[in-house]
Amino acid sequence: MKSQLFLATGLSVGCLAFGQSTTPKTAWGDPDLQGVYTTDDLNGVPMVRPAQFGMRRYLTEQEFAERAKQVNTEKSTIDTGIRPTTGFWSLVKDAGVDAAAAPAQWIEYAKHASRLTSLVMDPPDGRIPPLTPEGEKRRAAQPNYYNMRPASWEDLSSYDRCITRGVTGSFFPSIYGNGSEIFQTPGMVAIRYEMIHETRLIPLDGRPHTSAGLRSYMGDPRGHFEGNTLVVETTNFIGGKVDVGGVPYSEDLKLVERFTRVAPDTIDYQVTITDPKTFTAPWTVAFPIRHEPGYQIFEYACHEGNHAMHNRLSAARAEERREAAKETKQ
Amino acid sequence: MRTPLYAAAFTMFAVLAAAAPPDLSGIWQTMSTANWDLQDHPAAAGPFFQLGAVGAIPSGQGVVEGGEIPYKPEALKHKQENFKNRWTLDPEVKCYMGGIPRSNYMPYPFQILQTPRAILMVYEYASSNRAINMEEKPVEASVDTWMGTANGHWDGDALVVDNTGFNDESWFDRAGDFHSDQLHVVERFSLTDADHMNYEATIEDPQVFTRPWKISLTLYRHVEKNAQLTEFKCVPFAEELLYGDVRKKTK
Numbered sequence: 001m002k003s004q005l006f007l008a009t010g011l012s013v014g015c016l017a018f019g020q021s022t023t024p025k026t027a028w029g030d031p032d033l034q035g036v037y038t039t040d041d042l043n044g045v046p047m048v049r050p051a052q053f054g055m056r057r058y059l060t061e062q063e064f065a066e067r068a069k070q071v072n073t074e075k076s077t078i079d080t081g082i083r084p085t086t087g088f089w090s091l092v093k094d095a096g097v098d099a100a101a102a103p104a105q106w107i108e109y110a111k112h113a114s115r116l117t118s119l120v121m122d123p124p125d126g127r128i129p130p131l132t133p134e135g136e137k138r139r140a141a142q143p144n145y146y147n148m149r150p151a152s153w154e155d156l157s158s159y160d161r162c163i164t165r166g167v168t169g170s171f172f173p174s175i176y177g178n179g180s181e182i183f184q185t186p187g188m189v190a191i192r193y194e195m196i197h198e199t200r201l202i203p204l205d206g207r208p209h210t211s212a213g214l215r216s217y218m219g220d221p222r223g224h225f226e227g228n229t230l231v232v233e234t235t236n237f238i239g240g241k242v243d244v245g246g247v248p249y250s251e252d253l254k255l256v257e258r259f260t261r262v263a264p265d266t267i268d269y270q271v272t273i274t275d276p277k278t279f280t281a282p283w284t285v286a287f288p289i290r291h292e293p294g295y296q297i298f299e300y301a302c303h304e305g306n307h308a309m310h311n312r313l314s315a316a317r318a319e320e321r322r323e324a325a326k327e328t329k330q
Numbered sequence: 001m002r003t004p005l006y007a008a009a010f011t012m013f014a015v016l017a018a019a020a021p022p023d024l025s026g027i028w029q030t031m032s033t034a035n036w037d038l039q040d041h042p043a044a045a046g047p048f049f050q051l052g053a054v055g056a057i058p059s060g061q062g063v064v065e066g067g068e069i070p071y072k073p074e075a076l077k078h079k080q081e082n083f084k085n086r087w088t089l090d091p092e093v094k095c096y097m098g099g100i101p102r103s104n105y106m107p108y109p110f111q112i113l114q115t116p117r118a119i120l121m122v123y124e125y126a127s128s129n130r131a132i133n134m135e136e137k138p139v140e141a142s143v144d145t146w147m148g149t150a151n152g153h154w155d156g157d158a159l160v161v162d163n164t165g166f167n168d169e170s171w172f173d174r175a176g177d178f179h180s181d182q183l184h185v186v187e188r189f190s191l192t193d194a195d196h197m198n199y200e201a202t203i204e205d206p207q208v209f210t211r212p213w214k215i216s217l218t219l220y221r222h223v224e225k226n227a228q229l230t231e232f233k234c235v236p237f238a239e240e241l242l243y244g245d246v247r248k249k250t251k
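Just so you know, the protein sequences line up as chains A and B, in that order.
To convert, note that position 295 of the first sequence is 295 in this note's numbering; the numbers rise steadily by one, no gaps.
To convert, note that position 226 of the second sequence is 226 in this note's numbering; the numbers rise steadily by one, no gaps.
Keep in mind the hints are simulated off the structure, nothing from the lab.
Just so you know, not all the hints are guaranteed correct.
Quick list of in silico lysine-lysine cross-link-like pairs, DSBU-like style, CA-CA up to 35 angstroms [claimed, not checked]:
#1 B:Lys-94 to A:Lys-329
#2 A:Lys-25 to B:Lys-84
#3 A:Lys-137 to B:Lys-72
#4 B:Lys-225 to A:Lys-241
#5 B:Lys-72 to B:Lys-94
#6 B:Lys-137 to A:Lys-111
#7 A:Lys-254 to A:Lys-137
#8 B:Lys-225 to A:Lys-254
#9 B:Lys-77 to B:Lys-94
#10 A:Lys-277 to A:Lys-137
#11 B:Lys-84 to A:Lys-137
#12 A:Lys-75 to B:Lys-225
#13 A:Lys-277 to A:Lys-326
#14 B:Lys-249 to A:Lys-326
#15 B:Lys-248 to A:Lys-326
#16 B:Lys-84 to B:Lys-248
#17 B:Lys-225 to A:Lys-329
#18 A:Lys-111 to A:Lys-241
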């Protein structure tokens, strides 16, 4: 239960209890952020704040008790090897996903209920700012990936294709693959994500970004420390392929992330998303990540094991053949 | 072309930290053609005449100690079948992870971040990566994977990595050299000077080979100013090959 206490109090008193002098440092004097972390505890926290919470960032005691109850139910259901029917699992059912095939050992879930009302912290109402007309167009052009007949892989998402979920998608809480690991050497930070398998290599030596001629899915990160906080600015993204907040972002996306250790097992994370071609204002997602004893990062050979891709395309072709046969009969 | 700053840092490090293990952190790459074929190989035409010299196969000296890979008779036949069908069967063609040892001598750089708890190796090819456990208590391989489960220790100035828990899917090169899920690889990374490293891998697989055998090659440090790994996510380049048969045909 110690960890729960940290979660509850970490944000407010973290800076006092864990100030400049007590923050662990690396041998060469940088704040030490290293370790294996998980976002599991954020499972069940909505991205966008439900209207009933208004301007409130945290749940009331009563709301928290309700969420803790749901978290416990979900935990014990999964622990007994049964797929739960609440939270995320009730949502995907309606989207046509048969998650019964998901083996219980691969499902991740919150071990400690979070008090956050939403992942979006700013604007203060917890809502993603309105889209620009271009952003709206891009959002609307996305197919319903769960319920379609793909002509080819190009109709499917970068996630379906096991290419990448991008910087935010690799890190934001999901039903599996929530692990991340931070490594530090003099002048470098590496952040490794289990999701699809990604590593971001972040130079701290003040070198300039690569030119606009070199873009990538994970972008070009540059880092520096502000006090005990690691600040990472990432640009040079490939636009139009990967989404954040449900919209494919543009090539002008800029992410500014902040990592601050607030307790021995907890790091506060913030990311400010700026993309004037997509969102009418910057917005910030913030949540703590936690070291969970025994939590391990496994190899996610997503593309190597992507039988779903061939199956979906082959099923689509089979449906077309069946329809064609019907037409010939008539 | 070594940067003077680096040379100075290396000398200082060598003098001051004789007891500490050497620091392998940095960006490394082979100059060998081992990824084409671990054994001696002459130049050859590539599979697509349209690509001319661009698609041709460079010749190269082998990296296998003693020259021969000690296949069991049945396994040798399997390797020869692999070779014949290499343009469709090689996991690299499909953008699958390189496995170990192959990832270390593919024609892409990889970056090492060395920490006392674990050593991270990040490969540009297919965003693959592995963390080598350096704690006393070894990590046990609980599932078979492409990149294996790695436990490392220092043997004098050499980083020795013991790898188990492999699946049977990766190859050693584009020539069809292969292994089973009984693969056991012991790697040895040792700096020969600031910017060069000797890389050895002893390969053991009783299902495929009659005895353990060893490869040995040099890794070169990238010393360019602002050198960094760039991204090579190759899935989109392999999808037509993998799924073209179930793509909707346009009339």
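Hint numbers not upheld by this structure, sorted from lowest to highest: Numbers 1, 2, 3, 11, 12, 13 and 17 - these are the hints that the structure violates, sorted from lowest upward.
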